[in-house]
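Novice: Spelled out, the chains give:
Number of protein chains: 2
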Amino acid sequence: MQVPSPNAREAASMYGTAVAIFLVILVAALQGSVPPKTLFPYHIPLDPEGALELSWNVSYIQKNIHFLLLVHGLQAGVLFGMSDRGELEGADLVVLWTDGDRAYFGDAWSDNKGQIHLDTQQDYQLLQVQRTPGGLTLLFKRPFVTCDPKDYVIEDGTVHLVFAILEEPLRSLEDINTARLKPGLQRVQLLKPNISTPALPPDILTMDVRAPNVVIPGVETTYWCYITELPKGFPRHHIVMYEPIVTEGNEALVHHMEIFQCAAELDRVPSFSGPCDSKMKPDRLNFCRHVLAAWALGAKAFYYPEEAGLAFGGPGSSRFLRLEVHYHNPLKIRDRRDSSGIRLYYTAMMRRFDAGIMELGLVYTPVMAIPPQETSFILTGYCTDKCTQLALPPTGIHIFASQLHTHLTGRKVVTVLARDGQEKEVVNRDNHYSPHFQEIRMLKKIITVHPGDVLITSCTYNTQDRKLATVGGFGILEEMCVNYVHYYPQTQLELCKSAVDPGFLQKYFHLANRFNSEEVCTCPQASVPEQFASVPWNSFNRDVLRALYAFAPLSMHCNKSSAVRFPGEWELQPLPKIVTKLEEPVPQCPVIQGQQPAAPIEVSIGGNRG
Amino acid sequence: MQVPSPNAREAASMYGTAVAIFLVILVAALQGSVPPKTLFPYHIPLDPEGALELSWNVSYIQKNIHFLLLVHGLQAGVLFGMSDRGELEGADLVVLWTDGDRAYFGDAWSDNKGQIHLDTQQDYQLLQVQRTPGGLTLLFKRPFVTCDPKDYVIEDGTVHLVFAILEEPLRSLEDINTARLKPGLQRVQLLKPNISTPALPPDILTMDVRAPNVVIPGVETTYWCYITELPKGFPRHHIVMYEPIVTEGNEALVHHMEIFQCAAELDRVPSFSGPCDSKMKPDRLNFCRHVLAAWALGAKAFYYPEEAGLAFGGPGSSRFLRLEVHYHNPLKIRDRRDSSGIRLYYTAMMRRFDAGIMELGLVYTPVMAIPPQETSFILTGYCTDKCTQLALPPTGIHIFASQLHTHLTGRKVVTVLARDGQEKEVVNRDNHYSPHFQEIRMLKKIITVHPGDVLITSCTYNTQDRKLATVGGFGILEEMCVNYVHYYPQTQLELCKSAVDPGFLQKYFHLANRFNSEEVCTCPQASVPEQFASVPWNSFNRDVLRALYAFAPLSMHCNKSSAVRFPGEWELQPLPKIVTKLEEPVPQCPVIQGQQPAAPIEVSIGGNRG
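Residue numbers (UniProt numbering), protein chains in the order written: chain A, 1 to 610; chain B, 1 to 610.
Just chain A, same shape as in the assembly:
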């Protein structure tokens, strides 16, 4: 480790940056030791080869993140950073690189053509560079918000980490074009909630749900299905915690895992262990959809709040569980064996409250559709005051976790709680949502929903690559907009979702027909997907569909289970009136005391280059 010398000045002029006066960033020299792992509670492998590993911690007080990047077998350098949706273009980056003689570290950004430029404001602050037997470690920190317009704003929800290896020395940073690099992407929730771990009961038991000895198929994507069962006569327990068990060496392959409970009505589910899309898969597995546990890459153990647990076992509850493991194997590695799964921690000392899961958002129906070629079309589902008034206890319910869900065109999801026509707080928001990264996330703040409150779930879709309208439905090419909220105490309300009134949609088709010279099929025998498929998508029909969804009354699903509605009139319900909207938080930009130098700093990375 070497503190940057005055040669950094030469480096700056070498890279053509005309900086009259600049400061050398202080590099804290922690002599001879890697910061202990405990300082970095979060850890994720970045690339499938295992060349890059990231650990980090979050300070909500200082509003910054410390990153510890471990580089195995360093070549000529490395790029690491973040971008809106995981592209190496338009990314906010740190770059470590060498010109073959010296090595440098800088805060940079890539433009939309992939050209890399040094930031005028250096917000990634290098704290330590160290060679260890395991590789080179870079310790650096960055504020959540830098106020540099070229920088990514680190928000709650998904962050798309991007990275690439530099194989050859460079004359200058501007010599890099990301188009010539092999791009890497890893999605993660960087801003993990800062929640203290609830105490576990003394009688805690564990149950490992894992598919034993799976041979991971040599294809990029596999969803592996495995059926297991609870012991006969297994009584009612509370699951209070669960954590992933990932087979050593397969950390970069196991992308996400979920345990589903089968429907209580099934008296028997045949054994199965194989790809979920296998022709051999028994049909009955389709009735195993009740989520018990879910984990995704980068997530840690999931703890229920101390006063609640998820009931399983006992009468009225299926003994059959389905484990689903998503293997992400872009290198198409063959013959790798895996026995990953989830370890459930459960107790017979039932906690005060049963936890429940409720579905918010849109009903799975084709009446909710997204025109093709839209970059950010928003669909909104409501849980109305009438439903919460009827179905929630007087003291309300407490939402402590949330799992957002859409299919392939989903880009953002948010659920907002409104009361008396005013948006009050965000239940969960992900501005960089990816359908490929669906975690159950603990909320940073428990949200209490009272009877009469309204829950508004909005999903933003990108259908630029679609030729026809994308309608709502179960199919992977259809869309969903769902927030599975985890709450307690459990109520009968399992599903509080909406869709546009189908009669008003028929008025829309009639109107689209009238406004356009082309023939639009409004024949009553045509299905809604067929009707949507024949709408000519000019600006008028797009705008009017938006106007329809913002105006037409709702068909409400205020249901005890997916098929049983609460008693009451749920058709032609008025759209909740929202008078006051929550404003998206505007970053509070600190007053800048002095300009940081627009120059990389020189670092010593030892003799391990090339």
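Honestly, I wouldn't trust all of these hints.
In silico lysine-lysine, DSSO-like type, Cα no more than 30 Å apart, as pairs [as the list claims (entries may be wrong)]:
(1) 386(B) / 507(A)
(2) 150(A) / 63(B)
(3) 300(B) / 192(B)
(4) 577(A) / 560(A)
(5) 581(A) / 577(B)
(6) 577(B) / 113(A)
By construction, these hints were calculated from the structure, which means they are not laboratory data.
The model shown is predicted, which means the values in this text are computed figures rather than measured ones.
Following the hints, put chain B in place on chain A, whose structure we already have.
Specialist: Just chain B now, kept in the frame of chain A:
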């Protein structure tokens, strides 16, 4: 004049502002002399009593304005500043005030309730305070853009200057509530164009067009009409410049003046001098609408570009001129005499080009309407590529000045030039447009329009105080969206405006009928204003009207005069497709080297208080 002493520290703490470290702003002490008037080319009286006068200059290089505020008969202080539309609430202010003992100057802002607060960032920089026999002068400067979110951004176009007199000493700035002050408002173009004055020809002649010896009526608003005529046989000349002649002492009463030429078809126009709304006014005056010259408060002389002049006199041109003077007399002063008018400078040495005036924007027709209760509804008028292709010379025309025009609900106006589907440049933009302040403004940059170019004029309206839709038309309660552009060389094209196709509007009425349970009149015998009056203005009908205007084909008016179209098909014309839009300029916020103190500075204002 006294340089602020260290007592400013005490003042700061007295006002409860906890500033740990702060700097005393340097006040430049110009000993014993008011800065010469020539340093401040622009001048305007602020209040009708003549207590406040403002002079200013603009530096486009330093991007700031120097203000010289003259206060006659200072009482306990004065507020001066700017706000979006002239309210004292939500304003960006400088305040000079006394606590009865000391006097202070500070950069402040008023919240929406009228409470005044000191800015954390002091961007109005006081340069000089001086007592002269004429009163107290305050010299201060401010950048156009301060990057303080509480501050007004000084843009091109109208600025609403606000002011008020403080009559009593204050314990602190927070004691002021604007609701208890008498608000003052003066509209002005602060950012005057920085154009060098074209040379005048040696044979220059002048003609004063003024209404002699008018007794200004003792009412707030009078439009005075006066008919005069050119000498018999007056040959063709070029007007190359004109300037206001305002009777001394009436500077605050004469709000704007225009000279119109009567229609050439009228062989005789009777003499008249009286209010324009007088029952005695001859009807023929309604045919005197061709603008020759226009001036408004704060404007200086208007110069034609050196290669062009406005033709008047000679055959085919009316000898009769109408002068219109708008007297703004809020104090209802009686028996004040006035002979204000405009001095035309003209030459017989005809310049190379005749200048012309062309109308852009919307046709005066009720098919273009604004729903009631809208805060910012936009209507857009087009001058299409087909029309400019047909009517403009191959070398194009050069627009050098522009006068924006709407009726009472107009709030913003902008004209943009587009070429090949891309918006290229702004012809004229006013984000704080007021129908009460319609100047001819020289453009900062001459805009060349080529055949095939498209000119897009958009007006933003506020109809919050209307119960029914506001339709397009000539009436003062109807609306217009017009940009009168002054250009050369003159062409036959007098009018290039559009409206929505009336057939598509009928489809809209039909649709509004179908979507609403209420009965909407779509009977063909009803007039368009009657149809609009019966639309139930729910969100759907508002959104669909917007969608209609953004989609439906145009009825184009590509006219030689208001009644004669160029040959060609002008109905059902496609809406110009704009692929790339101009982005509104984002203020480039300078890097702040150190925080300014959030404290007022103490000033000496001599013994003239109370």
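Novice: Each of the hints needs a verdict: does it hold here or not?
Specialist: Against the structure, the hints:
Straight-line distance between C-alpha atoms of residue 386(B) and residue 507(A) comes to about 37 Å, which puts the hinted pair past the 30 Å bound. As the CA atoms of residue 150(A) and residue 63(B) are separated by approximately 25 Å, the hinted pair is consistent with the 30 Å bound. Proposed proximity of residue 300(B) and residue 192(B) is supported: the alpha carbons are some 9 Å apart, at most 30 Å. As the CA atoms of residue 577(A) and residue 560(A) are separated by approximately 25 Å, the hinted pair is consistent with the 30 Å bound.
Restraint check for residue 581(A) and residue 577(B): the C-alpha separation of about 33 Å exceeds 30 Å, so the hint is violated. The suggested pairing of residue 577(B) with residue 113(A) holds, with an alpha-carbon distance near 26 Å, which does not exceed 30 Å.
The structure fails to meet hints 1, 5 from the earlier list, while all remaining hints are met.
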